[in-house]
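> Generate the whole structure from the sequences, applying the supplied hints.
So the chains spell out like this:
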Amino acid sequence: MSVDKISRRTVLRGLLGGTAVTVGLPMLDCFLNTNGTAYAATGAPLPPCFGTWFWGLGLTPNQWEPATVGPDFELPPHLAALSPIKEKLNVFSGMQIFLDGKVNQNHYSGAQGQATGRVSRNSSDYSVSLDTIIGGQIGSGTRFRSLEATCDGNRRSGWSARGSNGLNPSETSPLALYARIFGDGFRDPNLADFTPDATAMVRRSVLSAVSDQRQALMGAVSASDRVRLDEYFSSVRDLEQKLAFELERPAPLPACSLPETSTDDIGSLVTQVEKTHRQFARLMAHALSCGQTRVFNLSLGSAFSRLRTPGEPSGYHSLTHEEPVDTTLGYQPKCKWLAERCMTFFTELAQALDGIQEGDSTLLDRSVIFGFTDHGEARMHSMKRLPVLTAGSAGGRLRTGYHVAAEGDAATRVGFTVQQAFGVSRGSWGSESNEVSRPFSQLLA
Amino acid sequence: MAAGLGVTAPNARAETRGYVISMIHTATYANEDTCPSGGNGDTVDIRTRRLLGAGFGEEAALRIIGNGGVDDDGNRVDITRLHGSSAEAGGQPWNGQPVSPGNVPALSADPGIESAQGRFAYGFDLDGEVSPDDFEDPDSHERGVDNHMWRALGCFDVYRIRRPVVPYNESIVWDTAIDAMPAWLMSVTGENLSQDGEVTVTFDRSLNVLLRDAHGGVMSGATFVIDPDPRSHSVFNGTIKNRILTIEPGDLALQGESQFYAVLRFTETHLRLQMDPDGSLRGILGGYQPWRDYYHYLAIRGENDGQVDLPGVYYAMARLADSGADPVTGENTAISAAYWLEAVPAFHATTSGEVVGQSVGNGPKFSGPAANRAPSPQ
Amino acid sequence: MSAPRGYIRWVARASMLGVCLGLAAPSVVAEESALVRLTPAQYERSIHDIFGESIQVDRGIVDPGVRENGLLALGARKLTLSAAALERYESLARQVALQVTDDRHRTTLIPCTPVAASAPDTACAAQFLSRVGLFLFRRPPTDAQIQSYVAMAGSASDTLDDFYAGLRAALVGMLVAPDFLFRVERTEPDPAQPDTYRLDGYSRAARLSFFLWDTTPDAELLAAAESGALDSTPGLYQQIDRLLSSRRMEDGLREFFSDMLGFDGFATLSVDASLYPKFTKNVADDAREQTLRTIAQHLLDRNADYRDLFVTRDTFLTPALAAIYGVPLPRSQELGGAVPWVPYRFPDNDPHVGLLTQISFLSLHSHPGTTSPTLRGKAVRENLLCQRVPPPPADVDFSLIQDTSNPAFRTVRQRLTKHRQNPTCAACHRMTDPIGLSLEVFDTSGVYRTTENGAPIDTSGTYRRQHYSGVGELAPLLRDDPAVTSCLVNRAFSYGTARMPSDNELGWLTETRTDLVEDGVTWRDLMRRITQNPDFYTNVAD
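Protein chains in written order, with the numbering used here: chain A, 13 to 457; chain B, 10 to 387; chain C, 110 to 651.
Read the hints as simulated data drawn from the structure, not as lab findings.
Certain hints may be false.
[Claimed, not checked] Straight-line C-alpha distance at most 25 Å; calculated SDA-like pairs for lysine to any residue:
id	chain 1	residue 1	chain 2	residue 2
1	B	374	C	460
2	B	374	C	478
3	C	390	A	286
4	C	390	A	92
5	C	390	A	282
6	A	348	A	92
7	A	114	C	533
8	A	114	C	177
9	A	346	C	520
10	C	390	B	180
11	C	390	A	277
12	C	390	B	370
13	B	374	A	279
14	A	346	C	562
15	A	114	C	390
16	A	346	C	377
17	A	287	C	497
18	A	348	C	383
19	A	287	C	478
20	C	390	B	371
21	A	348	A	419
22	C	390	A	316
[Said to hold, decoys possible] Computed list of chain C residues with no C-beta within reach of chain B, every gap over 10 Å:
id	residue
23	141
24	184
25	297
26	341
27	386
28	390
29	401
30	429
31	478
32	581
33	592
34	634
[What the hints assert, rightly or not] Covered by chain C, according to a simulated footprint, are these stretches of chain A (three or more residues, beta-carbon under 8 Å):
id	region
35	156–165
36	319–333
Quick reminder that beta carbons are idealized off the backbone N, C-alpha and C, glycines included.
Laid out in structure tokens, this is it:
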């Protein structure tokens with residue numbers, strides 16, 4: 013057969029329980045177009061991906077803001093760790109989250125505002141998050157709707173939520189996440205043969221039958237419980253979709269490969285968090301490149317960061333309040349060091365995606381990672397001058413290499429801009445003073 | 010067995026502090042003067058010497074060693090087998106059966122190992138004489154120190170060290186054994202142990218094993234029930250002066266349950282322990298130890314783990330033994346020795362639950378097997 | 110002090126009377142059913158009670174709960190199941206189903222054998238699934254439901270040519286159904302009070318069983334629901350008595366206090382081992398168990414007064430705990446055996462007195478490397494007194510906090526001077542710091558100390574205008590504070606109903622508190638009063 017006659021449909025599908033055999037084709041470069049950016053036959057571009065990255069306690073004020081604005085800005089020494097990815101990076105300064113008279117829930121409201129667009133009166137009142145909105149736009153047809161992980165061992169240290177019924181729990185163990193993604197149920201997109209699993213089909217039809225019982229229950233419960241039930245049934249549908257995905261032979265994804273595993277070492281020491289974060293970063297990158305999901309959320313840990321060095325009695329959060337400001341230097345030296353460690357972790361995540369080559373470009377090029385934090389100055393619990401980062405360009409839809417100084421603006425403008433880049437069509441996002449309707453147009457291609 | 014006569018019974022009004030032994034190992038002190046002939050090396054050197062002694066040339070010997078004890082045709086060269094505890098490891102015939110020379114060392118010829126020299130060695134003057142053969146203790150600077158065990162062992166690489174490095178073999182076994190071995194206890198009784206004065210020092214075995222702390226060291230403040238078995242009960246008169254604890258010589262016996270330290274027994278037992286502000290004790294324990302006790306430990310470990318020349322040590326210890334003349338053969342059965350000892354605070358109780366020893370002090374941060382993680386030398 | 114108390118009682122009674130006469134405004138009793146999410150512990154216990162203890166449930170935390178008004182149980186009323194959680198539950202369900210239908214279990218758990226092992230058998234499937242469904246859903250499944258599950262079993266049996274595989278599939282369906290993973294508390298019109306609603310018999314059974322035993326209703330309770338016995342006072346009281354006299358009360362008590370004391374924090378507790386070598390990994394587990402065991406013995410075995418938990422010296426210890434508490438604990442050694450729990454009473458002159466001096470409290474409310482009087486004081490206020498401590502304001506300048514090397518500020522008390530002197534800070538910190546400072550003689554790991562950085566530790570303070578020196582004198586003051594009892598009473602009611610009390614219920618709770626303070630705050634008495642109150646079996650509108 014000449015190359016012209018080979019297409020994905022040449023692959024024969026196996027029959028459930030039958031004797032037909034599947035014939036797969038090895039991954040050929042001809043499935044990509046000449047740029048390696050699209051499937052040749054359909055011309056459909058490789059799908060964009062989105063991830064959020066949270067780190068607690070911000071950066072050292074007056075040390076991180078780049079001096080120049082616009083493209084080709086210079087990274088100050090405090091952000092030196094970001095230099096390897098500078099071309100694919102955007103840095104946003106000067107923005108804040110508005111409280112509109114509500115109590116400042118320390119280490120919470122600022123992050124909640126950036127993740128969901130609104131600040132609530134109490135922490136049990138959470139609403140749909142940025143990644144869910146973008147995921148709704150780009151994320152259908154993957155095995156997992158989204159993947160959440162955190163590096164501090166606390167499942168609550170995330171900011172992603174489907175709706176108003178609380179946070180999505182975050183995976184704390186890289187090994188467990190590996191098993192979940194690449195263990196039972198993983199269908200390698202580049203494998204020569206593929207047999208749909210009969211039990212997966214049975215499981216899927218069971219879930220479908222469970223969903224059919226919706227109506228019987230919905231009528232009986234209160235309005236708010238109907239919302240909860242709705243979300244429960246959405247979770248059932250997600251699981252059905254996951255199984256459906258496992259039942260179909262996946263389209264080949266050239267850069268998909270299984271990551272290596274190593275033992276978990278979960279704890280609050282800098283070395284432990286570094287290792288855990290590195291493992292999660294690789295897992296997420298591989299999950300994206302293997303089409304298992306298009307949306308991920310990775311937290312370095314809770315905003316009350318306990319990051320610390322061995323023998324140091326105080327964790328990062330305690331240090332931000334207890335370490336005195338050095339009068340000559342003008343900042344808290346230990347806190348600054350820890351903030352710089354956080355920036356190296358962000359770079360590692362971006363490089364994990366950037367290291368996956370897809371034709372002429374990388375996984376990072378077709379993604380955007382949104383990096384956000386809880387305070388502009390942790391010591392004072394300040395909501396002003398929040399540092400925000402993005403890495404990646406969503407396939408060219410978001411320009412990179414910019415420093416955007418938006419003095420006094422609501423930080424939700426960044427999240428809104430990113431949504432626009434992914435094609436979410438809405439006129440505004442956020443509530444009360446955090447509501448924004450103008451994206452950063454200089455960044456939108 | 011209990012110590013000699015004239016031991017003062019503990020005063021009912023007195024205070025008794027309990028301790029548990031958290032670390033014990035041969036007290037080593039090597040420097041550049043210790044082995045003027047170059048030392049006995051490690052297992053590679055032992056094998057090489059045996060090959061040379063069996064008539065192999067030096068080049069052939071190195072090639073065989075490099076191949077892992079196998080000649081150019083792929084056959085095992087028996088003499089490179091290290092003497093372990095299993096009979097097939099380098100067996101020699103005895104009554105028609107192969108035996109390990111490690112277990113029956115007299116089957117081998119004396120290889121003539123180098124013994125340790127130099128001015129310093131830890132220990133005590135056990136015989137009351139200062140002779141040219143004696144050492145000087147590097148800490149107390151006591152002269153006339155008798156430590157012939159050091160002479161026998163000190164030129165093997167694994168022993169040719171000094172603190173904070175610990176003999177590898179012993180530290181590994183201690184770290185492994187203590188989780189299953191009934192603990193060894195010490196207690197000190199006196200009117201007021203925060204001051205200088207006369208005391209009674211007691212050694213016992215416990216019915217409990219050691220508790221570990223978060224560093225893998227030994228937990229201070231745990232409680233140990235004293236084994237009533239008299240075989241491990243030894244009592245000494247002692248003195249505290251300037252926070253140093255010493256005893257009048259006597260006999261010590263402790264039953265153990267591990268590969269190393271199956272039993273610990275001394276005559277002419279001496280002790281010199283520093284009483285630390287954190288409540289722990291550390292220093293030197295010395296005396297005449299039946300040399301076959303120590304040889305037995307090494308033979309069980311085998312030459313691979315123990316990294317000594319077993320027949321060499323056997324002959325050296327037999328020759329250097331300096332006490333306990335056998336009434337029939339006239340040969341000395343015991344050898345002068347010194348051990349580094351560390352003990353942390355512990356509660357002691359009798360089998361009926363009565364608390365007889367108090368735990369005083371929080372203990373050191375890094376103890377026992379974790380001691381070498383301490384940031385500064387001990 | 111009897112006059113004011115009597116007055117309060119009169120007022121409380123008057124307001125109750127007012128309610129009966131329709132003078133006060135009660136909150137709306139709701140018609141709608143309520144949904145309460147099952148906890149992982151309840152899931153596991155239900156599976157074990159229904160299918161037997163030999164079924165392994167590899168729990169692994171599924172979804173973190175959310176604490177609402179001091180209780181995870183209240184958060185359970187607000188949460189749903191995320192996709193990740195459902196994925197986990199489906200996987201758990203498959204494991205359970207596999208064991209239930211395996212060779213070892215099927216003879217006891219499946220009452221019939223199929224006509225052919227490789228084909229569907231509607232009759233046998235229906236027999237099994239309707240029986241199992243009754244227990245899993247805590248009420249008889251509807252005909253439509255049974256048909257649906259039997260159809261699932263049949264279709265799966267067909268596809269996989271295996272009857273038991275089909276049964277497994279249907280069982281998985283039941284185990285992920287909302288009827289199992291949530292408690293659906295259905296109501297019916299209350300015949301005694303027109304236009305109001307009460308929980309139906311099966312929902313009563315469930316609420317009672319989860320409250321007292323933290324597990325699914327057993328066969329006898331379900332039978333009482335079916336016969337209508339639970340709708341009548343004698344029938345209900347009979348079941349209450351039965352549940353109260355069982356050893357299974359300990360499960361319910363342990364789960365309640367784990368929730369109230371915030372023991373879910375143990376999952377993420379981190380104590381710096383390099384600074385606190387005695388705090389081994391086992392100690393955290395032991396510390397939690399020590400406190401729960403102490404409470405169980407005190408409240409159930411001895412039927413003693415809850416308030417005395419603040420001053421009790423009786424507890425249980427393991428060798429590792431004894432080493433941290435600094436007390437001798439002679440033990441017999443069983444090599445390789447289970448860790449022994451030994452009953453222990455702290456001597457009268459020992460500083461350890463009551464719950465606040467137990468390691469579970471001290472370590473849970475500290476930082477990994479230092480103590481925190483503020484966190485400890487806040488825990489007492491919020492967990493034990495049900496008082497809310499406001500969060501700190503934004504933009505507070507902490508530049509005046511001194512470093513620990515400053516010789517003028519060697520102890521935590523000295524470093525928290527600013528908390529006390531600055532009026533903005535003091536308003537809230539005077540609620541927390543004095544209580545916490547009394548505990549400063551216990552470091553993060555619970556080890557007793559008398560000095561910090563060489564300076565003596567001052568543990569004096571004032572509580573409700575009474576001076577104390579050390580936690581030994583503070584503890585009796587807490588015990589005598591009626592807020593301690595109100596907190597327990599209110600929390601217990603909220604825990605059992607998975608909602609905050611309505612206004613008229615608050616009145617009843619106050620009266621209950623007053624009665625108990627006089628009669629003795631015993632657990633079974635409190636449980637009986639709550640479960641005999643008809644309001645316990647209602648839902649309240651959102």
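> Compare the structure with each hint and give your call.
Now for the hints, and whether the structure bears them out:
The suggested pairing of residue 374(B) with residue 460(C) holds, with an alpha-carbon distance near 24 Å, which does not exceed 25 Å. With a CA separation close to 15 Å, the supplied pair residue 374(B) and residue 478(C) stays within the 25 Å bound. Taking the CA atoms of residue 390(C) and residue 286(A), the gap is about 22 Å. The hint holds against a cut of 25 Å. At roughly 38 Å between alpha-carbon atoms, residue 390(C) and residue 92(A) are farther apart than 25 Å, so this suggested pair is violated.
Between residue 390(C) and residue 282(A), the direct Cα distance comes to roughly 20 Å. Compliance with the 25 Å bound is thereby established for this hinted pair. A hinted pair counts as satisfied when its Cα atoms are at most 25 Å apart, and residue 348(A) with residue 92(A) qualifies at roughly 13 Å. Straight-line distance between C-alpha atoms of residue 114(A) and residue 533(C) comes to about 18 Å, which keeps the hinted pair within the 25 Å bound. Only pairs whose Cα atoms come within 25 Å are accepted, and residue 114(A) paired with residue 177(C) is accepted, the gap being roughly 19 Å.
For the hint linking residue 346(A) to residue 520(C), the alpha-carbon distance of about 22 Å falls within 25 Å, and the restraint holds. Using a Cα cut-off of 25 Å, the hinted pair residue 390(C) and residue 180(B) holds, with the two alpha carbons roughly 24 Å apart. Restraint check for residue 390(C) and residue 277(A): the C-alpha separation of about 14 Å stays at or below 25 Å, so the hint holds. Taking the CA atoms of residue 390(C) and residue 370(B), the gap is near 23 Å; set against the 25 Å cutoff, the hint holds.
With a C-alpha separation of about 21 Å, the suggested pairing of residue 374(B) with residue 279(A) holds against the 25 Å cut-off. The hinted pair formed by residue 346(A) and residue 562(C) meets the criterion: a straight-line CA distance of about 22 Å does not exceed 25 Å. Under the criterion of a C-alpha separation no larger than 25 Å, the hint pairing residue 114(A) with residue 390(C) is inconsistent with the structure, at around 41 Å. Between residue 346(A) and residue 377(C) the alpha-carbon distance is near 24 Å, which keeps this suggested pair within the 25 Å criterion.
In summary, the hint linking residue 287(A) to residue 497(C) is not supported, as the alpha carbons are separated by about 39 Å, beyond the 25 Å threshold. Between residue 348(A) and residue 383(C) the CA atoms are separated by roughly 24 Å; this keeps the pair inside 25 Å, and the hint holds. Between residue 287(A) and residue 478(C) the CA atoms are separated by roughly 22 Å; this keeps the pair inside 25 Å, and the hint holds. Restraint check for residue 390(C) and residue 371(B): satisfied, since their Cα atoms lie roughly 19 Å apart, inside the 25 Å limit.
For the proposed pair residue 348(A) and residue 419(A), the alpha carbon gap of about 23 Å is at most 25 Å, so the pair holds. Restraint check for residue 390(C) and residue 316(A): satisfied, since their Cα atoms lie roughly 23 Å apart, inside the 25 Å limit. A cut-off of 10 Å between C-beta atoms confirms that residue 141(C) is not in contact with chain B; the least separation is 52 Å. Chain B leaves residue 184(C) outside its interface by the beta-carbon criterion, the shortest separation being 33 Å against a cut-off of 10 Å.
Distance check on residue 297(C): its Cβ is at least 57 Å (rounded) from any Cβ of chain B, clearing the 10 Å threshold; non-interface status holds. Against chain B, the non-interface label of residue 341(C) holds: every CB pair exceeds 10 Å, the least being about 54 Å. The claim that residue 386(C) lies off the interface is violated: its Cβ sits roughly 4 Å from the closest Cβ of chain B, which falls inside the 10 Å cut-off. The claim that residue 390(C) lies off the interface is violated: its Cβ sits roughly 8 Å from the closest Cβ of chain B, which falls inside the 10 Å cut-off.
At roughly 23 Å, the least C-beta separation between residue 401(C) and chain B is larger than 10 Å, which holds for a residue marked as non-interface. Distance check on residue 429(C): its Cβ comes as close as 6 Å (rounded) to a Cβ of chain B, failing to clear the 10 Å threshold; non-interface status is violated. Every beta carbon of chain B lies more than 10 Å from that of residue 478(C), the smallest distance being close to 13 Å; the non-interface claim holds. For residue 581(C), the shortest C-beta to C-beta distance to chain B comes to about 22 Å, beyond the 10 Å cut-off, and the non-interface label holds.
The Cβ of residue 592(C) sits about 36 Å from the closest Cβ of chain B, beyond the 10 Å cut-off, so the non-interface label holds. Remark: the non-interface label on residue 634(C) is consistent with the geometry, its nearest Cβ contact in chain B lying 36 Å away (cut-off 10 Å). Look at the region 156–165 of chain A against chain C: 5 of its residues bring a Cβ nearer than 8 Å to a Cβ of that chain, three or more, so the hint holds. For the region 319–333 of chain A, the stated coverage by chain C is satisfied: 9 residues place a CB nearer than 8 Å to a CB of that chain, which reaches the threshold of 3.
In the structure shown, a violation is registered for the earlier hints numbered 4, 15, 17, 27, 28 and 30, in ascending order.
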